[in-house]
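Generate coordinates for the entire structure from the input sequences, incorporating the hints supplied.
Quick note, the sequences are listed as chains E and H, same order.
The numbering used here puts the first residue of the first sequence at -19, with every later residue one more than the last.
The numbering used here puts the first residue of the second sequence at -19, with every later residue one more than the last.
A portion of the hints provided could be inaccurate.
To be verified - Output of the computed footprint for chain H on chain E, the stretches with three or more beta carbons under 8 Å from beta carbons of chain H: (1) -4 to 6; (2) 35 to 47; (3) 103 to 111; (4) 115 to 127.
Unchecked claim - One-sided and incomplete, this derived list gives chain E residues near chain H with beta-carbon spacing under 7 Å: (5) Ala13; (6) Ala24; (7) Ser28; (8) Glu31; (9) Ala77; (10) Leu163.
Hints in this document: simulated from the structure, not taken from any laboratory.
Owing to the predicted nature of the structure, the values given are computational and were not obtained by experimental measurement.
Cβ atoms here follow ideal geometry from the backbone N, Cα and C, with glycine treated the same way.
2 protein chains.
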Amino acid sequence: MVPPSDKPKQFNDNEFSRIAWLLGLFSKIPAPAPVRLGIGDDAAIIKSGRENWVWTVDACVEGVHFDRRWLTARDIGWRSFHAAASDVAAMGALPMAALCSLALPKHLEPAAFRGIAQGQALAARSLGCAIVGGNMTRASELSIHTTLLGATDRALRRDGARARDEIWLIGQVGAAAAGLLVLQSVPVKHQTPAQRWCARQWRRPNALVAAGQKLRSLAHAAIDISDGLAADLGHLTAASHVRAVLDTVALDQALGIRLHKAARELKREALDLALFGGEDYTLLATGPARKRPNEARVIGHIEVGRGVWLRTGNKTRRLSNLGFDHFR
Amino acid sequence: MVPPSDKPKQFNDNEFSRIAWLLGLFSKIPAPAPVRLGIGDDAAIIKSGRENWVWTVDACVEGVHFDRRWLTARDIGWRSFHAAASDVAAMGALPMAALCSLALPKHLEPAAFRGIAQGQALAARSLGCAIVGGNMTRASELSIHTTLLGATDRALRRDGARARDEIWLIGQVGAAAAGLLVLQSVPVKHQTPAQRWCARQWRRPNALVAAGQKLRSLAHAAIDISDGLAADLGHLTAASHVRAVLDTVALDQALGIRLHKAARELKREALDLALFGGEDYTLLATGPARKRPNEARVIGHIEVGRGVWLRTGNKTRRLSNLGFDHFR
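Put into structure tokens, the structure is as follows:
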């Protein structure tokens, strides 16, 4: 569950203010001793002996998160599983076990049902994670709620960023949004190699578990990029009470040649796709320069202050931190 | 996730055969060491140090599991939470923490959203359980997927029943089904006290956590009654490779005066409601006579063999163990 941004106070019909309201309601419930971190990060943390269990749930709803015109049943299963695993990866944890709750329309073809489950099983294998149960119910629309338990000796949180930290991007950002545009607007036979690559990023994301493991001893804070770079960096800065300054040139370089190529062909700005797209399921972290891992690209830095800012030459402007909001 | 019954082998469009198929698919995925029990019981078991974590997910979908004509928003939240907690109770575990995944129609009134969350919060408090996170998504129909972690030193399973065990009923069975009939067919102002009591059993179930705790050291096997007595006893006998013989007279007496009264008024057989109803969220256990807890009513016994049987006088007939199946 994403935390409240640093703005909404009043209840209105906006996802973030609803979450802020839920946070207030649920945080008043007395928690048993093992619960170390409740709502407000990628996953909750539960202490057991020397282990930290991190625990998350993620939902994929047909027509909201996916469209069967652009995904095979196996893609749907794979994608829903890696999206949930990405939260666990961002906490520096190894996925251990999953429960899959399926809501299936009565007339869903048996092949589609089997394909979704096979996609989930493939994804679980790819992550070394067991599927230990679930639930199956009839519904009028297809949806998948995946809940995952991961284990870590040290959980990475989003509230640890400090002034002077570098901002690290690990993995691609923006390619999934470009890929969705490709699938929506370019017939398969007309897709260029760069476009096909972007489409694949959207269809088959990979939770960056190994990178998350490595970050445990290096980063001060981490979050997975699922709502778009601007929104997720906004969640991180809000939780850490700091300000992030992104460097346009560094970010633009970090986006990679295939995204730039696909964006040009789609007549979009690669930077916009990265900042306001979503569903990349890659990682954003902050930490000191001397600890930067090889695979991290520096795209900005952390300062004292609030919010997410974009620096272009001498100009610095504040970005909205709301990003992709299903309820808008 | 309910286990396969002892029948389905071939894939067809039936919930139980789908589950059997999933069981085969998911059980082939290598499991990390801490996973002790996967699909096939009320909840999965994960070992951590000296603790056993039991873990379950349960879904409530509008139009399938509930209808807002008969439930307030708070009832919906309460009910979904206790339904999930009932699986944890049946494993002899204490609910510790929950994640709530909500799928909300775009035009759901803010008051309904708040009511559901308040019902969940009330239920969590009633169980001493924290709500540590969740997920919120837009959808065309309202659904709630609740995943719960519980802790126990010794997990009760459904596969431990032995010949010569007594069959124990703890809590009501059949009243929820009667209550749903009342809500569907009797206007509020014409409801009798017995009918109102049944309706309340359906609207506001209570997971029997304390009873589950007590059963840990007494029972050989336990399961929660959510699909109806016949179906859930069928799951237990299939997992334990035994046969259950229910005694009609003993069961009839155990059903209680209010259910009998309401059933008579509704022109239904109380026994049918108990056997083939559902959504009671009470407990069924088996164990030796000398260990029977005070609150348990003996309704039959376990023998060598297979299936669920009903003994009336000298006649014994086999019951279908399929019960309430959302996909039929």
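- Query: Going back to the hint list, which numbers does this structure go against?
  - Reply: Violated hints: 5 and 10; rest satisfied.
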